[in-house]
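Trainee: Sequence:
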Amino acid sequence: MDPKVKQEAIKEFRINESDTGSADVQVAVLSRRIKHLERHLVQNKKDHHSRRGLLIMVSRRKRLLRYLGNRHDMNHVVDLKKRLSIR
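Each position in the sequence shown, counted from 1, maps to that position plus 18 in my numbering.
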């Protein structure tokens, strides 16, 4: 993933100026990495090592979203999912 894309995700989803690692930012960065890897796997169907990495990232994002749901209200999680265009 391009570092510029990562920085854009951090700027878009950070809570304050010095925030780089909140759960919202982590979910946003993971979502960008997942989309990038999905495009790679469409072209490289037999790349099973990358597919495993994709599954690990999806489960990590799922855990972070569950954590956010427990920590904040569900409206926060639903809004975050809408902003990221994920289910």
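Hint data in this document are derived by calculation from the structure and do not stem from the laboratory.
Incorrect hints may have been included.
[As the list claims (entries may be wrong)] Below, simulated DSS-like cross-link-like pairs (lysine-lysine); rule was C-alpha separation at most 25 Å, straight line: (1) Lys24 / Lys53; (2) Lys53 / Lys63; (3) Lys64 / Lys100; (4) Lys80 / Lys99; (5) Lys64 / Lys53; (6) Lys29 / Lys99; (7) Lys24 / Lys100; (8) Lys53 / Lys22; (9) Lys29 / Lys100; (10) Lys64 / Lys29; (11) Lys22 / Lys100; (12) Lys22 / Lys99; (13) Lys63 / Lys29; (14) Lys24 / Lys80; (15) Lys63 / Lys80; (16) Lys100 / Lys80; (17) Lys29 / Lys80; (18) Lys99 / Lys53; (19) Lys99 / Lys24.
Trainee: Among all the numbered hints in the text so far, which are the ones the structure does not match?
Mentor: 3, 10, 13
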